[in-house]
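By my numbering, the letter at position 17 of the sequence shown is numbered 17, and the numbering carries on one by one without gaps.
No wet-lab data here; the hints were simulated from the structure. Where is the CB? At the ideal position from N, CA and C, for every residue including glycine. If a hint is listed, it holds; no wrong ones were tucked in.
The calculated label-pair distances, taken between Cβ atoms and stated as ranges, are: (1) 230 <-> 177: 15 to 21 Å; (2) 239 <-> 109: 17 to 23 Å; (3) 206 <-> 136: 34 to 40 Å; (4) 206 <-> 87: 35 to 41 Å.
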Amino acid sequence: MPPARPLSGQTAAIEEEKHSSQSGSALLQPVLTQVILGERRRCVGRTICATILPVLARLPEPLALLEVGAAAGLCLLPDRYGYDYGRVQIQGEGLEACEAPIFPCRANEATPLPSRVPNVVWRGGLDLHPLDVSDPEDVRWLESLVWPGQEGRTERLRAAIRLAQESPPRVSPGDLLTDLPTLMEAVPGDATLVVFHSAVLAYLDPDERGTFWRLVRELNVVWVSNEAPGVFPEIDSLLNATIPRGRFILSVNGLPVAFTGPHGQSIDWIHS
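All chains, full assembly: derive it from the sequences and hints.
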């Protein structure tokens, strides 16, 4: 997987070719192909903190958060954001309401909604090719991953980026199969360590997912997974309910607890 950021490197080239006298589509094809093939990141424009917050709120504090496949680390800041679950609204720690993005999330009656954000004392991420919120081209790439017509998501993403720019979370380059234990060494001993991920493990082949399954279950951590059905058949097999179409499965230590919207827009609790 090439480490280069092809979107940033090719922006000028794309603009130049657009104004060439030759066929625009023929000229742009090689450039766009390089962008698509070189940029194999998942949809990192999502922020799914609203769907993992109910899990975090049930854990002993203080918390240490370690995200694998963290990209720019925006999901490492759940205590900095605001949330609107309809019947419950929560404000980020130490922030004015106008400063923090407010993430709307529909929650069913069974979902154990918290009354406040958790106390997070350490946060770190792991990614093959981390994104830098201080790099304008990386920010443009994040914004480009929001689907057309979803202006609300774009505005919330930009607000989250502004918060991250004030105090960027540490996202280290590395492989989740080999470098996770090393990063864990920096975690304070009195904190509950939460290793979490969303829409990441689908990009590994089944053998690699099996290796990660065994690794994370051997570690002294709380493992929170938010992935599509089929990523972990072991988790799917524990479900008594039919998986709604287009939903992810939120699980804790291999036990499914909720169905979630893939962009953090909904959570339906299924386990007490």
